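Engineer: Start from chain R and add chain V according to the hints.
Here is how the chains run, residue by residue.
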Amino acid sequence: MTTATRPGGVSSQPDDSKPPVGGARVAPPTGAAPRNRARARRRNLFSALLFLSPWMIGFLVFTAWPMIYSAYLSLTDYDVINNPEFVGIENYVAMASDEKLLLALGNTAFFALLQVPMYVVVSLGLALLLDRAGRASGFFRTVFFLPKMTPPVAVGVLFLLLFNGSNGIVNAALGMVGIDGPSWTTDPNWVKPGLVLMSLWTVGASVIILLAALRNVPKELYESAQLDGAGFWRQATSVTLPMISPALFFIIVVNTIAALQTFDEAYTAFFGAGNSTYSNDAALFYVIYLFQQAFEFLNMGYASAMAWLLFLVIMIITAIQLVVSRRLVYYEGDR
Amino acid sequence: MGIDRRARALGVFAAAGLLLSGCAVGTGGQSGGTDAEFDSGAELSGDLTVMGFSGVDEVATSRMELAESELGDVNVKLIEGELDIQQFLSAVATGDPPSLLYADRDQIGSLAARGAILPLEDCIDGEGIETGDFVESALNQVTLDGTVYGIPEFNTVQLTMANADLLEAAGMSIDDVNGSDREAMTEAAAAMAQNDGGKVSVIGVDSKLPEFLPLWVAAAGGSVMSEDGRTAQLDDETTIESLEWAVDIYEQQGGFSAIKATRDAADFFGGGNQFATNTLGAMPMEQWYLNVLNEVSPDAPMAFDTVRTTEGEPIAFAGGSAWAIPAGSDNPEAACRWARVMTSVDAWRAAADARVALREEEGLPFTGILTGNTVADEEIEGMTTADEAPWSEGVAAMYEANQNTRTLPANPADAEFDDAMQEAVNRVLNGQAEPAEALAKAQQTAQAALDEAWAELEGGD
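Residue numbers (this note's numbering), protein chains in the order written: chain R, 1 to 335; chain V, 336 to 796.
Chain R with its partners taken away, still in its complex shape (with noise of 0.2 Å):
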């Protein structure tokens, strides 16, 4: 094909009137042209289509629209038994008078105040001593990695016997220090940061992540650095942590979403069929909550309602996290 095309890709349109510049032959003005374009973009499409379709159609029946329908039962009285029940926001209304929601949301937001940053700097301190680790990098990564794959209900489990205030492994290391450990599963006092301290446990993938990210950072970067006079903090606040930023980034988004909403350890140790008595407020985290309110109570309506709550927090905190981020973080493609 030899039509003549515009920057742009826009085809010019031929002019009978004048002969062909330079003796060339210009096709015919038969229109087939665009047609052809235009098949080829419907192709296009369709292939595009097809194979995006598992994810559409994945993300239409298990997300989309489970959203619509629980925003719609989240404006009624529904026991999964019967019919629902239209009553409009009052479920939304009984939420701000509702005292346990109050202090599940205050339980999360102080467990995702300290397990964010905690997670966060423990993750960047493994990674760092794994850069440095040489050829032993390899075992302890999947070492590190190992405990991702425990079941959090096993780790629940594991909170419990690990944390016992009388025969822990926690508290006997602490005696060994001469440090008189709490009672990290019935103090309510100690009960979020112990199981702050059992989170820390999945830490395996942050650690590869921000790994990963560290051993991108240029070594050009470090010789000029060093050509410079900069020493190991300058090196590290000027060089290491702008360059790894969009993974640290990532790795708080991902775990501020995580922690709020933290559920199977907390469910497990204080909540699940082992301890279906014993619980403490301490650990009444929203979702564990939401989960009673849904399958304890059967209002399902109300939990609808506190689904879309916890979804409008997260959408903010997330918000305010990206625009802090334009600041913060540094991409290299970003002029």
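Be a bit skeptical, because a hint or two may be false.
Short derived list, chain V residues pointing at chain R, Cβ under 10 Å [stated by the list, open to error]:
| id | residue |
| --- | --- |
| 1 | 428 |
| 2 | 446 |
| 3 | 517 |
| 4 | 591 |
| 5 | 597 |
| 6 | 599 |
| 7 | 750 |
| 8 | 754 |
| 9 | 761 |
| 10 | 767 |
| 11 | 784 |
Covered, in the sense of this in silico footprint (three residues per stretch, anywhere, with C-beta under 8 Å from a C-beta of chain R), are these stretches of chain V [stated by the list, open to error]:
| id | stretch |
| --- | --- |
| 12 | 410 to 424 |
| 13 | 557 to 564 |
| 14 | 616 to 628 |
Worth flagging that the hints you see were computed from the coordinates, not collected in a lab.
Since we're looking at a predicted model, the values are computed, not measured.
Glycine included, C-beta positions come from ideal geometry on N, C-alpha and C.
Structural biologist: Below, chain V without anything else, positioned relative to chain R:
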């Protein structure tokens, strides 16, 4: 134009979503099965799907054999595992409930109030189920507002279990820890407990809070709920005093926190259990633990009695299981027949025979089965082979407790009531509130839940 099209498409999508949402619900609470004709002589066929019943031990399988033989051509399918309420609700919501449900008796009230299970009057009449044979408190637990919704089976009662050596060393006896003299029980707790620098190495007495508060209240002559299941009595003087006393037992030994840590670290089901290792003086405990102890530590220095009221009378707070027919069951006739046969005296006799044979094979005594059926219980008590003390005393105490049971009445807000009560006790145990304050709050929460649930049940919403 493009935007208009997109907006229209979005509108259609949203409308379709809402339409589909209308279609997706409304399958629950069906009255399917109410047209069933129950007749003990009828030939039955089809499938019977049973949810919540594992049927793994000899007590289950021997009764199942009998039930299957009486069901004729019915094809019985068990859904593995204990009842998962989420699984059941999902099945109900999708219009595909199991034919038969096996649930804890304290779940029956809530399920009945929401129309998830059928009233069983026709089933009982048609199959000729002898409700008069059931332990009265067990039948009360599955009777909501005068209507029976479940066929009870098994009975769980509490016994006082104690370490005779620790009692003797402290100059005490089983009478001091069975609850009849609360002051003596507190003293015994302090006398037997050992505390090493804040860590409890020997628990004197475990009053088993939060779960046994209703037992202690009943033992003091009260009840945490009125007999008609409509009024919470969590802020009654008897309830408050019982909680104060049971918490004080922990305080005398170093506090609940330290005791729970020790309790959690124990090898509860093994040979190194607290009684065998002399690290627990006494506690009230369900009767099945007698079997565990007999099996894993037959030489443990045990002493048994019933739990006793402050007047010295035996008492237990009973629980157990029940058969219920879900609304929309595809084979209610077979479900009813199954429930009738599984809880019949013949079935329990077969179960006891199977258990006796197995225990003989293992060289262990048969300590009895509490069936929830008084006729079967009487017969099976005569089959027990635990002839030597202390196990014979344990078996005798178990049957005595079985004749002196109390329960909470069936009510439409049992989950909310339990949650409010246990939360109050836990707040006291965790040092977050005083008993009167915590129970006053629980009373408000529980009563509000009861009022709302009864109002909905009676259509007075």
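Engineer: Indicate, hint by hint, whether the structure satisfies it.
Structural biologist: Verification of the hints:
no. : hint       : result
1   : 428        : 5 Å, holds
2   : 446        : 8 Å, holds
3   : 517        : 22 Å, violated
4   : 591        : 7 Å, holds
5   : 597        : 5 Å, holds
6   : 599        : 6 Å, holds
7   : 750        : 5 Å, holds
8   : 754        : 7 Å, holds
9   : 761        : 5 Å, holds
10  : 767        : 6 Å, holds
11  : 784        : 8 Å, holds
12  : 410 to 424 : holds (count 3)
13  : 557 to 564 : violated (count 0)
14  : 616 to 628 : violated (count 0)
Comparing the model with each numbered hint stated earlier shows that hints 3, 13 and 14 do not hold.
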